[in-house]
Amino acid sequence: MKILYFAWLRDKAGMSECEVSPPPGTATVGALIDWLAAQDECHAEVFADRSVVRFAVNQDFAEADTPVGPGDEVAFFPPVTGG
Amino acid sequence: MKILYFAWLRDKAGMSECEVSPPPGTATVGALIDWLAAQDECHAEVFADRSVVRFAVNQDFAEADTPVGPGDEVAFFPPVTGG
Amino acid sequence: MIRVQREVFDVGREIAALTAGNTRIGGVASFVGLVRDLGGLRSMTLEHYPGMTERQLEKIDAEAHRRWPLEASLIVHRYGRLEPGEPIVLTITASAHRQAAFDSCNFLMDWLKTEAPFWKREEGADGERWVAAREDDDEARERWRETG
Amino acid sequence: MIRVQREVFDVGREIAALTAGNTRIGGVASFVGLVRDLGGLRSMTLEHYPGMTERQLEKIDAEAHRRWPLEASLIVHRYGRLEPGEPIVLTITASAHRQAAFDSCNFLMDWLKTEAPFWKREEGADGERWVAAREDDDEARERWRETG
Numbered sequence: 001m002k003i004l005y006f007a008w009l010r011d012k013a014g015m016s017e018c019e020v021s022p023p024p025g026t027a028t029v030g031a032l033i034d035w036l037a038a039q040d041e042c043h044a045e046v047f048a049d050r051s052v053v054r055f056a057v058n059q060d061f062a063e064a065d066t067p068v069g070p071g072d073e074v075a076f077f078p079p080v081t082g083g
Numbered sequence: 001m002k003i004l005y006f007a008w009l010r011d012k013a014g015m016s017e018c019e020v021s022p023p024p025g026t027a028t029v030g031a032l033i034d035w036l037a038a039q040d041e042c043h044a045e046v047f048a049d050r051s052v053v054r055f056a057v058n059q060d061f062a063e064a065d066t067p068v069g070p071g072d073e074v075a076f077f078p079p080v081t082g083g
Numbered sequence: 001m002i003r004v005q006r007e008v009f010d011v012g013r014e015i016a017a018l019t020a021g022n023t024r025i026g027g028v029a030s031f032v033g034l035v036r037d038l039g040g041l042r043s044m045t046l047e048h049y050p051g052m053t054e055r056q057l058e059k060i061d062a063e064a065h066r067r068w069p070l071e072a073s074l075i076v077h078r079y080g081r082l083e084p085g086e087p088i089v090l091t092i093t094a095s096a097h098r099q100a101a102f103d104s105c106n107f108l109m110d111w112l113k114t115e116a117p118f119w120k121r122e123e124g125a126d127g128e129r130w131v132a133a134r135e136d137d138d139e140a141r142e143r144w145r146e147t148g
Numbered sequence: 001m002i003r004v005q006r007e008v009f010d011v012g013r014e015i016a017a018l019t020a021g022n023t024r025i026g027g028v029a030s031f032v033g034l035v036r037d038l039g040g041l042r043s044m045t046l047e048h049y050p051g052m053t054e055r056q057l058e059k060i061d062a063e064a065h066r067r068w069p070l071e072a073s074l075i076v077h078r079y080g081r082l083e084p085g086e087p088i089v090l091t092i093t094a095s096a097h098r099q100a101a102f103d104s105c106n107f108l109m110d111w112l113k114t115e116a117p118f119w120k121r122e123e124g125a126d127g128e129r130w131v132a133a134r135e136d137d138d139e140a141r142e143r144w145r146e147t148g
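Chains as they are written, first to last, in my numbering: chain A, 1 to 83; chain B, 1 to 83; chain C, 1 to 148; chain D, 1 to 148.
Don't take each hint at face value.
Lysine-lysine pairs mimicking DSBU-like chemistry, simulated, CA-CA at most 30 Å apart [claimed, not checked]: (1) C/Lys59 to B/Lys2; (2) A/Lys12 to A/Lys2; (3) A/Lys2 to D/Lys59; (4) B/Lys12 to B/Lys2.
Treat the hints as calculated values from the structure; they're not laboratory data.
Chain A with its partners taken away, still in its complex shape (with noise of 0.2 Å):
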């Protein structure tokens, strides 16, 4: 499964992008998120305020209850700044 941070999630995360292997257990965003917190303290940081997180799965805006699956690009951003 890849990971990807942008704006200062990447900063708190300290990287752009990974891959990662959750146990088969992990079918949500929510799940993942869960498990990614868990991993270390850094991940732990990224995902201390779940309410200023937002996610994408493949690309489109996603939910904590989005299903999540080995092959998936699952994006992590604060609330979106364009236009």
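Dock chains B, C and D against chain A, hints included.
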């Protein structure tokens, strides 16, 4: 008093402008139209259907009871279609 | 600012000139009205009332500035003979806020349609005719009536 | 049509290209968003999510065509480092009817603000900071929610 005609009112009037001297009692646009319409057949036709005639006094939109006097510029035209 | 002219205009150049050096501007809305061909139109000739036109455009422009916090605005209206596809009118409004720019630009166009002394004559395959005023233009203008 | 690019755009040229040869178009609305300086801004850097950006812009553009009778439309969004006064985004909509052009252009901008994956970082005299999302952008987007 200077009279101007635009668009198809000019076509009907057969002229784009003229200088007129209505009698002293002609104090409003409405009275001016009454007087003009009585001058000749051509003007009678221009003002045959007054509901489609709009007017301006000194380059501002006016109503039938807008005052007019010597030296004023009075224009008659159909509803505008610009933009 | 307002201009009444025969010549065509360049939207990009007008926007650049209007916004140059003013970094308070966050949004620029613009509208271009074109000669539309609903079938068989050869040309459209715009007649106007020189003097009154400028006066009315100035008034409409000032009214937009009174209603919205605008940094700059421009109305350019052409007259004379135009062919299908040619631009007729341009309105540009610039503001710190995008909705003020959008609304005021929309307002300028609605008011122009009913308050600027222009008359269109169409030349088609079957001759010439004066274009009739549209009722929905009156309705569009009424949207901006201030109440209370 | 949509484009994501570093380069500046020319509004006049884009409108001309978009409307060329289509005489069914009666009105072209456009909006340009500029880098605004509220005091001490040196530059603004726009980061985006390549791939998702194009995908979301395509969706927003398609949604505008679904809702309004458009003859043509264009969204151009820049990324990278921009200075105060520089254009960030351009939306153009062309329709037979002026209100459809205005409304759809307004819609594109409101949706872009909340649906396009861009993030702004400002560089001021006191360092850099990420720009926070605005609540009124969410409200502006909600205006377009379809009911019933």
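Are the Cα positions of B/Lys12 and B/Lys2 separated by 30 Å at most? Within the cut-off at roughly 18 Å; holds.
Within 30 Å, alpha carbon to alpha carbon, are C/Lys59 and B/Lys2? Holds, at about 23 Å.
Has the given pair, A/Lys2 with D/Lys59, been kept, meaning a C-alpha gap of at most 30 Å? At roughly 23 Å apart (the allowed maximum being 30 Å), D/Lys59 and A/Lys2 satisfy the hint.
Given the hinted pair A/Lys12 and A/Lys2, is their alpha-carbon gap at most 30 Å? Roughly 18 Å between the alpha carbons, so the hint for A/Lys12 and A/Lys2 holds.
The structure agrees with every numbered hint stated previously.
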